[in-house]
Amino acid sequence: EAGVVQSPRYKIIEKKQPVAFWCNPISGHNTLYWYLQNLGQGPELLIRYENEEAVDDSQLPKDRFSAERLKGVDSTLKIQPAELGDSAVYLCASSLGRGTGFDEQFFGPGTRLTVL
Amino acid sequence: KQEVTQIPAALSVPEGENLVLNCSFTDSAIYNLQWFRQDPGKGLTSLLLIQSSQREQTSGRLNASLDKSSGRSTLYIAASQPGDSATYLCAVWEYNNNDMRFGAGTRLTVKP
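So the sequences go chain by chain: W and C. Each residue of the first sequence is one higher than the last, beginning at 3 in the working numbering. Each residue of the second sequence is one higher than the last, beginning at 48 in the working numbering.
Don't take each hint at face value.
[As the list claims (entries may be wrong)] Here are the simulated lysine-lysine pairs, BS3-like style, with alpha carbons at most 27 Å apart:
no. : chain 1 : residue 1 : chain 2 : residue 2
1   : W       : Lys18     : W       : Lys80
2   : C       : Lys48     : W       : Lys64
3   : W       : Lys13     : W       : Lys80
4   : C       : Lys89     : W       : Lys13
5   : W       : Lys17     : C       : Lys89
6   : W       : Lys80     : C       : Lys89
7   : W       : Lys17     : W       : Lys80
8   : C       : Lys158    : C       : Lys89
9   : W       : Lys80     : W       : Lys64
10  : C       : Lys48     : C       : Lys115
11  : W       : Lys73     : W       : Lys17
12  : W       : Lys17     : W       : Lys64
Hints in this document: simulated from the structure, not taken from any laboratory.
Using the sequences provided together with the hints, build the complete structure.
Right under this line is the structure:
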């Protein structure tokens, strides 16, 4: 069974440009997460979806970041415009249940973003 | 706010040694604690998940313990191998925010 798929794996852009990341969760997983991981730090949650509903987006910088999960499957995270400080790894994860503490999360390989 | 701390930040050991990685958290109101492995440029691989009602979990050469009341967990790796070289992260899923909080990780190097 395929794991969580993310693309692209690497992206280099100039500041003020837009960028988008795509995630395909494990088949049948209801909950999808986007995390931001800065160098030398642990991941931090940006947004969590239960099916197509964003149930926790309190850490998402809404002035420049947006996300969607159409039909409750794939998800896209967008940054517009990108800033130098957005350089990081963006991780997607999914879990089978409703995103409670009894669920195990499975992570994708991440997208490494470099903003010049 | 939940704070998760991992000590040491980096560790280098010779092959064959047994080692312990430490994780502490400030709020004991958690659902579970999970240990992950992250290889350079890769995502996170789950190693062990301990529910709040459990004391430990074992998988092969790995053993993780949880002392929720004191806010501590340890990951014990027996007979370390060069292939164990990676960053190990612990994370707690907290009640209050229904959110997972990660430590910054311990970067482990096992020398042949």
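Consistency of the hints with the structure:
Of the supplied pair hints, the one linking Lys18 (chain W) and Lys80 (chain W) holds, its CA atoms being roughly 13 Å apart against a limit of 27 Å. With a C-alpha separation of about 22 Å, the suggested pairing of Lys48 (chain C) with Lys64 (chain W) holds against the 27 Å cut-off. At roughly 13 Å between alpha-carbon atoms, Lys13 (chain W) and Lys80 (chain W) fall within 27 Å of each other, so this suggested pair holds. Distance check on the hinted pair: Lys89 (chain C) and Lys13 (chain W) sit about 15 Å apart at the alpha-carbon level, within 27 Å; holds.
With a C-alpha separation of about 25 Å, the suggested pairing of Lys17 (chain W) with Lys89 (chain C) holds against the 27 Å cut-off. Taking the CA atoms of Lys80 (chain W) and Lys89 (chain C), the gap is near 21 Å; set against the 27 Å cutoff, the hint holds. Our distance criterion of 27 Å between C-alpha atoms is met by Lys17 (chain W) and Lys80 (chain W), whose separation comes to about 14 Å. Taking the CA atoms of Lys158 (chain C) and Lys89 (chain C), the gap is near 21 Å; set against the 27 Å cutoff, the hint holds.
Taken as a hint, the Lys80 (chain W) and Lys64 (chain W) pair is honoured in the structure, with Cα atoms around 10 Å apart against an allowance of 27 Å. In summary, the hint linking Lys48 (chain C) to Lys115 (chain C) is supported, as the alpha carbons are separated by about 16 Å, within the 27 Å threshold. Of the supplied pair hints, the one linking Lys73 (chain W) and Lys17 (chain W) is violated, its CA atoms being roughly 31 Å apart against a limit of 27 Å. A hinted pair counts as satisfied when its Cα atoms are at most 27 Å apart, and Lys17 (chain W) with Lys64 (chain W) qualifies at roughly 18 Å.
Comparing the model with each numbered hint stated earlier shows that hint 11 is the single one that does not hold.
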